[in-house]
Amino acid sequence: MPRLMKHIFPLNRHLIQRLGFAGLTVMAFLTVLPIVAVVIYIIVQGAPAISLEFLSDFPRGGMREGGILPAIIGTIYLTIGTAVFSVPLGIAAAIYLSEYAADTPLTRTIRIAIINLAGIPSVVYGLFGLGLFVLFLRFGTSILAASLTLSIMTLPVIISTAEEALRSVPQAFRTVSISLGATRWQTIRRIVLKEALPGIITGVILGLERAAGETAPILFTGAAFFLPRLPHSPFDATMALPYHLFVISTQVPEMPIKIQYGTALVLLVFVLAMNVTATFIRSRARAKRQW
Amino acid sequence: MEKSLNWREFVITRLIKAAGYSAILFVLLIFIFLLREGLPTFGEVSLDSLFSVRWYPIEEHFGILPLITGSLIVTIGAALIAVPFGIGTAIFISEIAPRWVREILKPLVELLGGLPSVVLGFLGILVLSPFLRVFLDLPTGLTAFTGSLLLGGIAVPTVVSVAEDALDAVPRAYREGAWALGATQWQTIWRVTLPAARSGVLTAVMLGIGRAIGETMTVMMVTGNAPVLALKLGSLFSPVRTMTATIAAEMGEVANGSTHYHVLFFIGMVLFLISLGVNIAASSVVFRAKKRAERILS
Chain Y
0 MPRLMKHIFP LNRHLIQRLG FAGLTVMAFL TVLPIVAVVI YIIVQGAPAI
50 SLEFLSDFPR GGMREGGILP AIIGTIYLTI GTAVFSVPLG IAAAIYLSEY
100 AADTPLTRTI RIAIINLAGI PSVVYGLFGL GLFVLFLRFG TSILAASLTL
150 SIMTLPVIIS TAEEALRSVP QAFRTVSISL GATRWQTIRR IVLKEALPGI
200 ITGVILGLER AAGETAPILF TGAAFFLPRL PHSPFDATMA LPYHLFVIST
250 QVPEMPIKIQ YGTALVLLVF VLAMNVTATF IRSRARAKRQ W
Chain P
0 MEKSLNWREF VITRLIKAAG YSAILFVLLI FIFLLREGLP TFGEVSLDSL
50 FSVRWYPIEE HFGILPLITG SLIVTIGAAL IAVPFGIGTA IFISEIAPRW
100 VREILKPLVE LLGGLPSVVL GFLGILVLSP FLRVFLDLPT GLTAFTGSLL
150 LGGIAVPTVV SVAEDALDAV PRAYREGAWA LGATQWQTIW RVTLPAARSG
200 VLTAVMLGIG RAIGETMTVM MVTGNAPVLA LKLGSLFSPV RTMTATIAAE
250 MGEVANGSTH YHVLFFIGMV LFLISLGVNI AASSVVFRAK KRAERILS
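Same order as they appear, the protein sequences are chains Y and P.
Using numbering that gives the first Met the number 0, you'd call the opening residue of the first sequence number 0 and step up by one each time.
Using numbering that gives the first Met the number 0, you'd call the opening residue of the second sequence number 0 and step up by one each time.
Some hints could be false.
[Unchecked claim] If we take Cβ atoms under 8 Å as the criterion, some of the chain Y residues that face chain P in the derived model are:
hint, residue
1, 96
2, 114
3, 119
4, 278
The set of hints was computed from the structure by calculation and includes no laboratory data.
Just so you know, these numbers come straight off a predicted model, no measurement behind them.
Ideal Cβ placement from N, Cα and C applies to all residues, glycine included.
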């Protein structure tokens, strides 16, 4: 039977290769196509809702009219709050792993811890933030508690990309600097960090991008359903774009579709802008690099 | 001068060290707080009713089995999509695509990884589920299958990037050796490159599955939120409810310190342990492979 098949379908290995390559190509494009479709669809559907009023006004009429200003401002606050904690800590941890740590069991434990932090479900971060920051430390449902929760979630992304950027700086740079009499920290600050900076910034932006788009970690730590005013202090709760989109697409009956798509578009633009910036910085740094 | 420099250097080194250790501290803190709020469950709910099939918190029924099967069925569905498409795309990007195609595809896949899950859930409600309801002739479009489709998309970038790294790490000499022996590119991919990258690809699969189990917003929005036991294949096309969605949907409404509150933390603890298991297994696969590679090279 196999011989007969071979006779009818002369499947030589080159034909198999061609079929296989065609199959993989189709698969890759089926993977990418929906991404492009999603982005274009949201832009097309959301664009009519965008106006100065939509971006600069408070929600009115049970959120069915007006704008989404407090959600936009809230997401900016949360992103900045996350950066304040996670950027210094993440970069310092990356410096430790790349420049100081020897390959000891302790270092391996740190690495496993980072991998695990990266894998913990976002809603579990939300529980943790509720338990530690909101209740135990009594920060309440606040920008502070939400930012701290998001920071810890963002940390592994920043640490691993920053470490990679630091490691890609050639060893010779360090050797030369040390041989010229610089101390270890001087070498790290003036040579290694400077050279790795574009890579680190890329990692930071990618990490913050994730934080800006997350909903589950802020659900019980800082997100507010609706606020008639902007938050005044880090101890206030805040509206946020992702949570607002969740609210208006599931919790509010008879929500105009236009406002839903408009909100989705603003969130998407927010996140895409960060993504494109990160990609741009990385590719420009690669092109400029001389080593 | 010399002295102040040493002093500063000392302080900075200590700070950096402390930052390095912080990751361990955070994992421990997370675990401690989940235990602190989750363990009281055992004093308040009997094991029998905890592992029963009825989740109805208003009447004090806290059976988590439907939630576990809900998570399982959605995750299996997602894996069936994400694994072949993820590995296929990784092979295409790393082995077949010309350079310019690769430069377009890679950022696009990364972009998918960065899309907020709430946006995908939103489109799931408005576009995908009405389509599936009509197309598959179902009573509702909010089913485990809808969740699986979207979750598959969410897990794909993880699988692609990790698997692609693994394929990239296979030395070029392996491929050249195969070509020199007369193998086609296709044969080389299947019989040389992929087997050589096996452990990395396995890691990719595990991390992708881990990503799918933990995803919250999308599944909460599109799987219909019905805590029914999902054991049959047909359950894929009916509403379910996952562990993550249950926590997200109900935590906002419970009183702090109530039984319901403790049980939700207990579910969080289960999720934490699952992700811990998946990630430790995945990373030990990487370490093992590295050791073997070192042995071969030395």
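Tested hints:
Satisfaction of the interface hint for residue 96/Y is found here, the shortest Cβ-Cβ separation to chain P being roughly 6 Å, below the 8 Å cut-off. Taken as an interface hint, residue 114/Y checks out: its beta carbon lies about 5 Å from the nearest beta carbon of chain P, inside 8 Å. Satisfaction of the interface hint for residue 119/Y is found here, the shortest Cβ-Cβ separation to chain P being roughly 5 Å, below the 8 Å cut-off. Against a cut-off of 8 Å between C-beta atoms, the interface hint on residue 278/Y holds, since the closest Cβ of chain P lies about 5 Å away.
Violated hints for the displayed structure: none, as all numbered hints are satisfied.
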